[in-house]
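Novice: Model the full structure from these sequences, guided by the hints.
Number of protein chains: 2
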Amino acid sequence: MQRFVFDFTEGNKDQRDLLGGKGANLAEMTRIGLPVPPGFTITTEACRAYLADGDVPSTLDEEVAAHLAALEESMGRKFGDAADPLLVSVRSGAKFSMPGMMDTVLNVGLSDRSVDGLAAQSGSERFAQDSYRRLIQMFGKTVLDVPGDPFEEALAEAKTAKGVDDDVDLDAEDLKGVVDSFKAIVLKHTGSDFPQEPAEQLRLAIRAVFSSWQGERAVLYRRTERIPDDIGTAVNIVAMVFGNLGADSGTGVAFTRDPATGEQGVYGDYLPNAQGEDVVAGIRNTVAISELARIDKAGYDELMRSARILEDHYRDLCDIEFTIERGRLWLLQTRVGKRTAAAAFTIAASLVDDGLIDVDTALGRVTGAQLAQLMFPTFGEVGDDTPKVAVGVPASPGAAVGAAVFDAHRAAARAATGAPVILVRKETNPDDLPGMLAAKGILTARGGKTSHAAVVARGMGKTCVCGADTLGVEADRAVVTAADGTETVITEGDIISVDGSTGAVYLGEVAVRPSPVVEYFETGEVPDGDPLIAAVARLMGHADDTRRLGVRANADTGEDAARARRFGAAGIGLCRTEHMFLGERRVLVERLVLASGPDERAPVLDQLLELQRADFGDILRAMDGLPVTIRLLDPPLHEFLPSLEDLAVSVALADERGDDSEEHAREVRLLAAVRRIHEQNPMLGLRGVRLGLTLPGLYDMQVRAIAEAAAALRAEGLDPRPEIMVPLVGDVRELAVIRAQTEQVLAEVEGSGDVPIGTMIEIPRAALTADRIAAEADFFSFGTNDLTQLGWGFSRDDVEGAFFGRYLELGVFPASPFETLDASGVGELVEIAVKRGRETRPGLHLGVCGEHGGDPESVRFLHRAGLDYVSCSPFRVPIARLAAGQAVLEERAAGAEHVDSR
Amino acid sequence: MQRFVFDFTEGNKDQRDLLGGKGANLAEMTRIGLPVPPGFTITTEACRAYLADGDVPSTLDEEVAAHLAALEESMGRKFGDAADPLLVSVRSGAKFSMPGMMDTVLNVGLSDRSVDGLAAQSGSERFAQDSYRRLIQMFGKTVLDVPGDPFEEALAEAKTAKGVDDDVDLDAEDLKGVVDSFKAIVLKHTGSDFPQEPAEQLRLAIRAVFSSWQGERAVLYRRTERIPDDIGTAVNIVAMVFGNLGADSGTGVAFTRDPATGEQGVYGDYLPNAQGEDVVAGIRNTVAISELARIDKAGYDELMRSARILEDHYRDLCDIEFTIERGRLWLLQTRVGKRTAAAAFTIAASLVDDGLIDVDTALGRVTGAQLAQLMFPTFGEVGDDTPKVAVGVPASPGAAVGAAVFDAHRAAARAATGAPVILVRKETNPDDLPGMLAAKGILTARGGKTSHAAVVARGMGKTCVCGADTLGVEADRAVVTAADGTETVITEGDIISVDGSTGAVYLGEVAVRPSPVVEYFETGEVPDGDPLIAAVARLMGHADDTRRLGVRANADTGEDAARARRFGAAGIGLCRTEHMFLGERRVLVERLVLASGPDERAPVLDQLLELQRADFGDILRAMDGLPVTIRLLDPPLHEFLPSLEDLAVSVALADERGDDSEEHAREVRLLAAVRRIHEQNPMLGLRGVRLGLTLPGLYDMQVRAIAEAAAALRAEGLDPRPEIMVPLVGDVRELAVIRAQTEQVLAEVEGSGDVPIGTMIEIPRAALTADRIAAEADFFSFGTNDLTQLGWGFSRDDVEGAFFGRYLELGVFPASPFETLDASGVGELVEIAVKRGRETRPGLHLGVCGEHGGDPESVRFLHRAGLDYVSCSPFRVPIARLAAGQAVLEERAAGAEHVDSR
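These protein sequence lines map, in sequence, to chains A and B. According to UniProt numbering, the stretch in the first sequence is residues 1 to 902, in order. According to UniProt numbering, the stretch in the second sequence is residues 1 to 902, in order.
In case anyone wonders, no lab produced these hints; they're calculated from the structure. In this text the structure is predicted, and so the values were computed from the model without any measurement. Beta carbons are placed, not taken as given, at the ideal position from N, Cα and C, and that holds for glycine. Please note that a few of the clues may not be correct.
To spell it out: a stretch of chain B is covered by chain A in this simulated footprint if at least three of its residues, at any positions, have a beta carbon under 8 angstroms from a beta carbon of chain A; those stretches are [said to hold, decoys possible]:
| id | region |
| --- | --- |
| 1 | 420-432 |
| 2 | 643-652 |
| 3 | 673-680 |
| 4 | 723-737 |
| 5 | 798-805 |
| 6 | 808-818 |
Just a few of them, taken from the derived set where beta-carbon distance is under 7 angstroms, the chain A residues facing chain B [to be verified]:
| id | residue |
| --- | --- |
| 7 | 595 |
| 8 | 598 |
| 9 | 676 |
| 10 | 683 |
| 11 | 765 |
| 12 | 768 |
| 13 | 771 |
| 14 | 795 |
| 15 | 809 |
| 16 | 811 |
Specialist: Next up, the structure:
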């Protein structure tokens, strides 16, 4: 027969799937001899059966009764005993922590009959009555679905009647009255009396905890935290211990190290003569844990000893919930504790020094997101002259300072003068995009982490605080109303500072501190006695030693290439050439488009050849000795020309004025050309290899520039390593034609060397026909942005603001597929192309040059898919290096698991 | 040892792969006792070896020598014999007919030494010298790469010297002089004498024929005809027979039936005293084959007997090339003959009546393209008052009449008044699209079948003649220059008639005859004694009996639905709802977009509900008892609003004028809204299910309209069968949310019945995740247009004119992937979705609603992929029915082959 209940003495910390996190850790602490109140756990399997069948397994109640009997035995008390009752707590506890999201009921087992026995045993009538009213209130709300307000009102009435402000000022008699009122409330709302039978209380409480798994809050929380919906929760039945039995009792929370910095030594808070819920409610102020040494030296010493045991045992920072009942320490819960990004690095390295973990394990203890956070600038000391005026949702990290502007167009205009700007809006919509793009940071009064502002800002990598709901945004000013009703006015142009990591908004300029981690990457220097930088250096070094994936950078200029190299890039995976046609070179594109034939095109191409040769020379020089993958021109030509709308308006107005200037004539010609090459869907139009195949000479010019630049550097004794990449190939024939032309041009330039020719795989059809394409390609580079756009059928520009927020809410995807590669859809196209490409050409070199190359989860997927390298923006290079190292460790762990399970 | 040479007595008609079409049929005729000159065939395998290795297999020359010896034996003549030489022809012959594309050399074996022997044997010195000069000329050009002009010039000089106009007026002595000149030309251009050794002539000629497989013309022809490049050609060595030995000799071409109408009886042409090349050159006029009965009764009777034998043997119309040498008939070639579309149907049915083939075979003898051609209107009698002024490339079929207009914008404007228009341009570019769309037909002076005009017109199903190069197109008129130099002027507004099936252009209005086949489909009536309609009815009936695929139609109105039903559609596979928001309903969309919230949206949705209920009622009534798949709104809302460009210009001009009218204020508001919802790539934007999920109430309104319309019809006693289709789903969650809402609305409408809810599969990710999507879908309908757009990453609107012509030329695809489904790329997505969808839901109903559903090749692919039905425009329904029947026959044949090969 399947068992659904396990005593704390039976389990261990590795049984989180079955016993939940809380249950597994309670069992573990019991197992290693730490003082845990006795109890038992009902498994998640029972919960899953309950969720599937609408009822608990038929044998469950019987099993619970048997374990309860054992508990009575060990405690020497009987459940429901009139003279000396055993009380228990009924606590939820899923595999993953979901703080506050599910139900807990304390003091189960109290009744009219046993409340007096508790009074006698505890020596406090008040304590007993207070415990009883807490049970009725908690049980009523969570088990019997009674609304919470009537209880609050009844308690308030009792205090009013007595003329006191605080619960503690109600005496036993008052509380007895409250108990009566509470029982009346239960009767009124449920039509039945509060259940007096302890076994019935327990039965109902267990079912209520199971049901709370499907509560609205819990479902929403799981969706945002990406916790599976089908794992269910365990239920822990624990003998009650009380921190509110007098001055020699109390309750608290402790960390085995400082979770903010990682520094060694126990940190935490203690509240004498209180229960856990009082700490949460914040009724009285807690004291620092060090105070406990003074209050209760024995208890303190026991806590310190337990903390040391736990950290040594878990080999990590633990947080602990504990209660001292009349001088005796009880540990109610422990788990590996949350920490800041800096602490994560510092602790991991420190535990290696302590010999508790090896460096592989340490590498697995930090995340790419933490490293990314450490690379953002932060605010330093905030002085009194820069008051914190509001706090919103920290939606996109970073520290931004600038003039508040309340309109997107004005923001763009002001930013164009070089002034830093913070765009402040009630909420944003696609109209605001130009302003968002121009701003240093974005602040909104409405919306959460999936609002338009939040989604778009994260996509842009821009600092954003949203949902600062004390902010009243008007046309050209904002009024901030503080909790006390006082108002602060922010006028357009006032300098404000916005902290995307905390959600804080300051009036005035807060000094921005550049990231010391970035300084380290720039210089390679570890300052003496800086444990954080030392930890980062150590773990990055280990990631580099471990990883199999190469990491390159996307960079288009010599300057960017040089930075990428400092950040650890082993080459350029994507050098876009479109940026090289902007600025004053736009006029050349205009002439190319207006050219009537090859004769008019030739001189323009010659001019471009000169310029491009210099462009490529710069990058190849900066990356001397390392590969530089240069993508031939990708975007449609009209992107370099003025917009159809602007031109049409300008021409119409000039016509209206009867303008007959040369400039007007030129604009009319240009308008005709722009109309001709205008596209309904430029993303799906004449671009990439299609442009190369239809505009004679363009790609040849670029190839010649690359070859000549390489030849010149080689003549200087350098070692340039260009690779030529053809974009937007959908069929092998496209690549074959360009390849033949390219080889021809390379052969014509002496000293151009051996230049690999490859293709982007960014079109679904290219992935599907990769076996054929590989016959003409020396390498593939996955353009996962376009592959995502085409695989999902939406363009990033158009949809991120338009409906991604709604889609994240609906759970269509857990993260924007432009941030984290959609492994199960778009990722399959990558896997297909890898497999088919290598079937044709076993040694085919494979990389990724979409921004996914810098996203840790995507990097791990790409490692598993068997790629040779990822390429991302220079600032993401360290993150990719870290994730690539971790991918190897995960692979080894999965392999080991695989071996184990055989 | 592998054999490379087979005597005509060794092969048969089924060996086309090995012996080529010509060789296989010569062997077949030999086998069944028809009079074929003896000879042998060098296999395509030898050619492939030659192409791969640059030389013939080492054993080939020896094998040829052995077969030549056998040939000498059977003919009683020796190759190169001075007294009585054996002469042979060396003819190319690939598996597929490539008329005129590869080389042939006649009279091989003649030399200075044997020419006199030939004269003695033939009794004609003139004949012998003429044969010799033909050999040198043909051999020189095709084998020795001597340019053709010097030969022509030398021949012309001889005629001038003698003062005659015609070759036949040159006597033996003159021709001997020509032979000398020709030999001098060969020496001059090659540095060597014309080879006198017959074996050397043969050796070189064989290699030249092999090489001609790679000739430029041949490569181009194969590309346009979609003949594989790697199959190579066979070479036939045939004993020469001569039709130019006097009045009792001659040559001709015959068909066993009339290839224009299919009528029984031998048709053809005969040219007395001539060789085949004279017929081709058209030097003298041929006579009808019936004349041969008068000239040479025995020869005629023998030909009639042979024709009967061939038709009975091949069970099909054959064409025959023959020569009569001194009263003796020789068959030089036969093959199944080309025929018109009408003849194809008539012949197929007639052969069934004759008991030669069964009706399955008859069904395989016609094509969807032929049926399509029979469904176009045609020109009737062309009177003298409507002269044919030009002939161009027949690029897109149909018969169009209208006023010639020489500018796209003027064409659109004139068409808007209701006047039929023919757009006439030198060539077209994307600027001309509005004019092309508005015109009845398109005529250009430049470009072939892959020009912009041709590609776009075919895509639009619009009549087009292009490359009419005698047309000089000017700004507002065209000048046509006839062969004799006379000029005809077409002025703007002149009525012209354009025949897209023949390329003819007429000045004036030619009466258009509606297609009798369409009349049959409309009425179901077969006129008495009309063999064509009887044949169509019979074969369509058999296709319907045979096919497994259902055929539905894409129709948006009751009228279209009724026509589709008459054309044999078993339901509506795609009822688009976007057309229902055009015209005066645009203003409702405008109000929807401008609405500030649900309160302003509600009354608009209520109005739309009324209208939509009527829309759906009409269609469901027309399709009573048959399924109607209604797609919820798909396009982005801005498609219903004025263009950003037009609005911006209008607002700017009004601002300039200081306009302060209400209308201007409205336009300003509208411009802001259009700017807000403007998209860079509307195809990849907020449309389909994304719109449904973000615009509350829209889809619910449509679902309610469907449900209420169905309920009303059901109350009338009808049997409406709506199906609801959700567009643009990429992830199962999107569908799940809409499905839940839809079920809710359906449940609210009493009598709405059981309405299946399914989804389009038109996004690559949907195909890849079809297993998950199938959990929420009652059916899939493949939107192969969007799937093609996203699979290839190009939008039809933008690219068809921009680069498809170039891509067809380069061979990137053999046909536009929007016309014929790209089986190896996009098709794989269909196959994946079919497999995965049915894994989840074995009975999943699968259809296609892209226009590919009416393309015969695509229909066959979709049948093989296991779909349940295809849906296409009403006019393509008969074509789909035919192709679906043929698909079953092909499948059975492949199955039989599979069994055979085991």
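Novice: Does each hint fit the structure? Answer for all of them.
Specialist: Structure-based check of each hint:
1. 420-432: holds (count 3)
2. 643-652: holds (count 5)
3. 673-680: Satisfied; 5 residues make the cut.
4. 723-737: holds (count 6)
5. 798-805: Coverage by chain A holds here, the residue count being 4 at a Cβ distance below 8 angstroms.
6. 808-818: holds (count 4)
7. 595: 15 angstroms, violated
8. 598: With Cβ-Cβ at 16 angstroms, over 7 angstroms, it is violated.
9. 676: 5 angstroms, holds
10. 683: 4 angstroms, holds
11. 765: 4 angstroms, holds
12. 768: It holds, given that the least Cβ distance between residue 768 of chain A and chain B is near 5 angstroms, below 7 angstroms.
13. 771: This hint is violated: residue 771 of chain A lies away from chain B, its Cβ roughly 10 angstroms from the closest one there, beyond 7 angstroms.
14. 795: Nearest chain B Cβ about 4 angstroms off; hint holds.
15. 809: 10 angstroms, violated
16. 811: Holds - the Cβ of residue 811 of chain A comes within 7 angstroms of chain B, reaching about 6 angstroms at its closest.
In this structure, the hints that do not hold are numbers 7, 8, 13, 15, in rising order.
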